[in-house]
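Peer 1: Protein sequences appear in the order of chains A and B. Quick note on the numbering used here: the first sequence kicks off at 8 and runs consecutively. Quick note on the numbering used here: the second sequence kicks off at 8 and runs consecutively.
Think of the hints as simulated: they come from the structure by calculation, not from any bench. Backbone N, C-alpha and C define an ideal beta-carbon position, used for all residues, glycine too. This list has only true hints and no planted wrong ones.
Quick list of simulated restraints, FRET-style, between CB atoms:
#1 B/R82 with A/G262: 36 to 46 Å
#2 B/G269 with A/I83: 40 to 50 Å
#3 A/E216 with B/R82: 48 to 58 Å
#4 A/N327 with B/H341: 28 to 38 Å
Protein chains: 2
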Amino acid sequence: MPTRIHFGKGEVNRTGDIVAAHAKKALLVTGRSSTKKTGSLDKVITSLNKAGVSYVLFDRIEPNPRATTIDEAGRIAREENCELILALGGGSAMDAAKAIATVALSGRPIHEYIRGSKASKWKELLPITEALPIITIPTLAATGSEANSGAVITNWETREKAGIGGPGLFPKAAILDPELTYTVPANYTADGAADIFTHLYEGYMTGDEHANVQDELTEGLMRNVLIYAKKALDDPKNYEARAHLLWTSTLALIGIAGAGRGGAFPVHAMEHTLSAHYDISHGRGLAIITPAYFEQIILADRPHRLARLARNVFRITEDNDKRAAKAGIEALIHWYKEIGVYDTLQGVGIKREDLRLMADETIRVNGNGTNTIPGTHNMTADEVLSIFEASYE
Amino acid sequence: MPTRIHFGKGEVNRTGDIVAAHAKKALLVTGRSSTKKTGSLDKVITSLNKAGVSYVLFDRIEPNPRATTIDEAGRIAREENCELILALGGGSAMDAAKAIATVALSGRPIHEYIRGSKASKWKELLPITEALPIITIPTLAATGSEANSGAVITNWETREKAGIGGPGLFPKAAILDPELTYTVPANYTADGAADIFTHLYEGYMTGDEHANVQDELTEGLMRNVLIYAKKALDDPKNYEARAHLLWTSTLALIGIAGAGRGGAFPVHAMEHTLSAHYDISHGRGLAIITPAYFEQIILADRPHRLARLARNVFRITEDNDKRAAKAGIEALIHWYKEIGVYDTLQGVGIKREDLRLMADETIRVNGNGTNTIPGTHNMTADEVLSIFEASYE
Numbered sequence: 008m009p010t011r012i013h014f015g016k017g018e019v020n021r022t023g024d025i026v027a028a029h030a031k032k033a034l035l036v037t038g039r040s041s042t043k044k045t046g047s048l049d050k051v052i053t054s055l056n057k058a059g060v061s062y063v064l065f066d067r068i069e070p071n072p073r074a075t076t077i078d079e080a081g082r083i084a085r086e087e088n089c090e091l092i093l094a095l096g097g098g099s100a101m102d103a104a105k106a107i108a109t110v111a112l113s114g115r116p117i118h119e120y121i122r123g124s125k126a127s128k129w130k131e132l133l134p135i136t137e138a139l140p141i142i143t144i145p146t147l148a149a150t151g152s153e154a155n156s157g158a159v160i161t162n163w164e165t166r167e168k169a170g171i172g173g174p175g176l177f178p179k180a181a182i183l184d185p186e187l188t189y190t191v192p193a194n195y196t197a198d199g200a201a202d203i204f205t206h207l208y209e210g211y212m213t214g215d216e217h218a219n220v221q222d223e224l225t226e227g228l229m230r231n232v233l234i235y236a237k238k239a240l241d242d243p244k245n246y247e248a249r250a251h252l253l254w255t256s257t258l259a260l261i262g263i264a265g266a267g268r269g270g271a272f273p274v275h276a277m278e279h280t281l282s283a284h285y286d287i288s289h290g291r292g293l294a295i296i297t298p299a300y301f302e303q304i305i306l307a308d309r310p311h312r313l314a315r316l317a318r319n320v321f322r323i324t325e326d327n328d329k330r331a332a333k334a335g336i337e338a339l340i341h342w343y344k345e346i347g348v349y350d351t352l353q354g355v356g357i358k359r360e361d362l363r364l365m366a367d368e369t370i371r372v373n374g375n376g377t378n379t380i381p382g383t384h385n386m387t388a389d390e391v392l393s394i395f396e397a398s399y400e
Numbered sequence: 008m009p010t011r012i013h014f015g016k017g018e019v020n021r022t023g024d025i026v027a028a029h030a031k032k033a034l035l036v037t038g039r040s041s042t043k044k045t046g047s048l049d050k051v052i053t054s055l056n057k058a059g060v061s062y063v064l065f066d067r068i069e070p071n072p073r074a075t076t077i078d079e080a081g082r083i084a085r086e087e088n089c090e091l092i093l094a095l096g097g098g099s100a101m102d103a104a105k106a107i108a109t110v111a112l113s114g115r116p117i118h119e120y121i122r123g124s125k126a127s128k129w130k131e132l133l134p135i136t137e138a139l140p141i142i143t144i145p146t147l148a149a150t151g152s153e154a155n156s157g158a159v160i161t162n163w164e165t166r167e168k169a170g171i172g173g174p175g176l177f178p179k180a181a182i183l184d185p186e187l188t189y190t191v192p193a194n195y196t197a198d199g200a201a202d203i204f205t206h207l208y209e210g211y212m213t214g215d216e217h218a219n220v221q222d223e224l225t226e227g228l229m230r231n232v233l234i235y236a237k238k239a240l241d242d243p244k245n246y247e248a249r250a251h252l253l254w255t256s257t258l259a260l261i262g263i264a265g266a267g268r269g270g271a272f273p274v275h276a277m278e279h280t281l282s283a284h285y286d287i288s289h290g291r292g293l294a295i296i297t298p299a300y301f302e303q304i305i306l307a308d309r310p311h312r313l314a315r316l317a318r319n320v321f322r323i324t325e326d327n328d329k330r331a332a333k334a335g336i337e338a339l340i341h342w343y344k345e346i347g348v349y350d351t352l353q354g355v356g357i358k359r360e361d362l363r364l365m366a367d368e369t370i371r372v373n374g375n376g377t378n379t380i381p382g383t384h385n386m387t388a389d390e391v392l393s394i395f396e397a398s399y400e
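Put together the whole structure using the sequences plus the hints.
Peer 2: Below you can see the structure in the form of C-alpha cells.
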C-alpha cells in the first residue's frame with residue numbers, strides 16, 4: 008500500500024507542502040458546491056497558494072461521476088500541463104481524479120479502461136499501470152477510495168457503472184483531516200457508514216473461510232462503524248467519532264483487513280446497476296438490498312459466516328447458526344433504522360418494471376463474459392432479480 | 008507501507024523473479040546453519056539460479072547481530088558490486104540485512120547510525136534515507152522486521168543493543184511462505200509468539216487511549232497469537248497455524264494496527280539490555296519481564312487498559328478494573344506456561360549482581376540523553392531495577 012497517509016486535525020492546511028513534493032501545478036478536482044459551502048475548498052486553495060503550487064480548478068464532478076466529465080477534465084489537465092490531480096470531496100471526486108489522471112497521461116478516453124463496459128472490449132482492456140500522480144483529500148468517510156487503486160465510473164448514456172483499476176492509480180498521498188467531515192449532512196454520514204459496512208462484509212462473506220486474522224480485523228472495523236456512525240450522527244462535530252469513522256473507511260478498503268482472503272463484491276455489482284439507472288446514493292442502495300442478499304444467499308450458502316458476524320459484531324448470544332444468522336439480519340436492520348438508511352427500492356423512486364432489466368444488466372456489466380456474477384456461488388440474473396424484488400417495498 | 012507482500016505456500020520459489028525485478032546480483036544474508044539444515048537456503052538459491060540472478064552468500068549472521076559482522080558484510084557487498092541485500096532467516100538475518108544495506112551504500116560503519124550507542128553522537132545521527140534495496144524472506148514468525156523500516160543491532164564490545172531506522176530501510180518486498188516456518192523448533196516458535204504479543208501490547212498500553220479502531224485491530228491480532236501459537240506448537244506442520252502466526256507477526260509491526268496511536272517500547276528497551284549482556288533469546292527475555300512490568304507499572308498507571316486487554320483478549324469476565332487486570336496477568340502467565348516461555352532471569356543464566364548495571368544501561372542506551380525512558384510515565388533506573396528484581400527468581 009504505497010499511499011502515504013497524513014491523518015489528523017488540521018492536516019488539510021499542509022496540503023500545499025504535500026502537493027509541492029510532487030508537482031508545481033495541479034488540477035484541483037471537486038464537486039459543484041459542497042466544498043465551497045463548507046470552506047474546505049478555501050482551506051486547500053490557501054494552502055496551495057502558501058506553498059507556491061499553482062492550480063486549475065475543475066469543480067464540475069457530479070455524484071456517480073460520468074465518463075464525459077472525466078474526458079473533458081483530462082483534456083484540460085493536458086492542455087494546462089497539470090502535473091498532478093488533487094481530489095477534494097467524497098468518493099465521486101476521488102474516483103474521478105483517478106480516471107482523470109489516467110486520461111490526462113495517456114490522452115485516451117476513459118471508456119477504453121472501464122471493465123465490462125459496452126464501449127470496451129473486455130479482453131483488450133488497457134491495464135492502468137501509469138497515470139499522473141494523484142493526491143486525495145476525502146471530505147466524507149465512505150468509499151475508501153482515498154488510499155486504494157480502484158475507481159468506479161458511470162457511462163450515463165449506456166447506463167453502465169463499472170470499475171477501473173491498476174497499480175498506477177494508488178494516490179501518492181491521502182490527507183485525512185476528520186474536521187473536514189464535521190459538516191457532512193446526516194444522510195450522507197449514514198449512507199457512508201452503510202458503504203463502509205458493506206466493504207467489510209462482502210469479502211468476509213464470500214472469501215476464504217480460513218483467514219481468522221483477516222476475520223478478526225474485519226469484525227473489529229465493523230464494530231467501529233456501528234458505534235461511531237451513531238456517535239457522529241448524534242454529535243456531528245465530535246472529533247473522536249469523525250476520526251474513527253474516517254480511519255475505518257480507509258482501512259476497510261486499503262487491502263489490509265482482507266489481504267489474501269479474496270472474495271467477491273456481488274452486492275456492489277447489484278447496487279452499481281441501480282445507481283447507474285437511477286441517480287441514487289450508493290450507500291443507500293447497498294443498505295436497501297443487503298437484508299435480502301443475506302436472507303436469500305448467505306443464509307443458504309454460509310449461515311455459519313452470518314452467525315459469526317452476528318455473534319462477534321452484533322453480540323448475538325445464540326448457539327444455533329441459523330437462528331444466530333437470522334438474529335444478525337434483524338440486528339443489522341435495527342442499526343440501519345437507527346442511522347436512518349433503512350429504505351426500499353420503491354422508496355428511492357425505482358420503478359418495478361425496471362427490475363428485470365437491471366438484474367440482466369448486473370450480469371452483463373459484471374459477468375466478465377459469463378452469465379453469472381461471482382459470490383458464495385455464481386449468481387444468476389434470476390437470483391439478482393429475486394433480491395431486487397424482495398427489496399422493493 | 009511500501010513493501011510489497013508475497014504471501015503463500017511455495018512463494019519462496021518465486022524469489023528469483025522477485026529479486027530480478029530489482030537487481031542482477033544480490034548479497035544473500037543468512038545465519039550459520041538453520042537455513043541450510045531445513046533446505047530453505049537451497050530453495051532460494053535454486054530460484055535465484057533459475058531467474059539468472061547471481062549472488063554472493065554471506066552466511067555468518069549470529070543471533071543478536073553484531074556491528075562488526077555488519078561492517079564486514081557491507082564491505083563485501085561493496086567490493087562485489089551487489090545491488091540488493093536478500094535476507095533469509097529470522098529477525099537477526101533481516102535486521103542485519105537492513106544494516107548491511109545501509110553500510111553497503113554509504114561506505115560508513117554502522118555505529119554511526121545506531122541510536123543511543125556510545126560510539127554515536129545522539130544528536131548527530133545520520134538518518135537512513137537511503138540504502139541498497141532489501142528483500143526479506145522470514146523463516147520465523149516473530150520480529151515483524153520483514154516489512155518495516157527498523158532494525159536492532161548489537162555492539163558486543165560495548166554491550167549495547169539499539170535501533171537503527173529510516174524510510175530507506177523499508178524492504179522492496181517480503182516473501183512470506185508459511186511452509187518455511189514448519190521446521191522452527193518449539194522454543195523458537197514460542198519465543199517468537201511472545202515477541203509478537205509484546206509488539207502488540209507495548210503501544211496499546213502506552214499510547215493514545217482514544218484510538219478504538221487501533222485497539223480493536225490490536226486485540227484481534229493478540230487473540231490470533233494466543234490461538235495459533237498453541238496450534239503451531241501442537242502441530243508444527245499445520246499450514247493454517249503457521250500462516251496465521253506469520254501474518255500476525257508481520258501485521259503487528261507493519262504500522263497499521265497502531266497507526267497514529269503513538270506509544271513507547273519500554274519493555275523492548277529493558278529486554279535489549281538483557282540480551283546485549285547475555286546472549287538470550289529476545290522473545291524469552293520479553294516474556295520473563297512482562298508480568299512484573301504489568302504488575303508494577305501498568306496496574307498502577309493504567310489498570311483500565313490492562314482490564315480491557317484481560318476482557319477482550321483473555322475473555323476475563325470481571326467488572327472491577329483492578330481485579331480484571333490482575334486476572335489478565337494470571338491468564339498471560341498461564342499462556343506463557345502453556346507455550347513454554349515462562350521463565351526467570353536466573354533461569355536463563357543471568358547473575359543477580361548484574362541487574363543494577365543493566366538497569367542503568369537501559370536508561371543510558373534508550374534514554375535519549377535523559378535519565379528516564381518513556382512509557383506510561385517516564386521510568387527511572389530504579390523502576391527498571393525493581394522489574395528486573397521481581398523477574399529474577
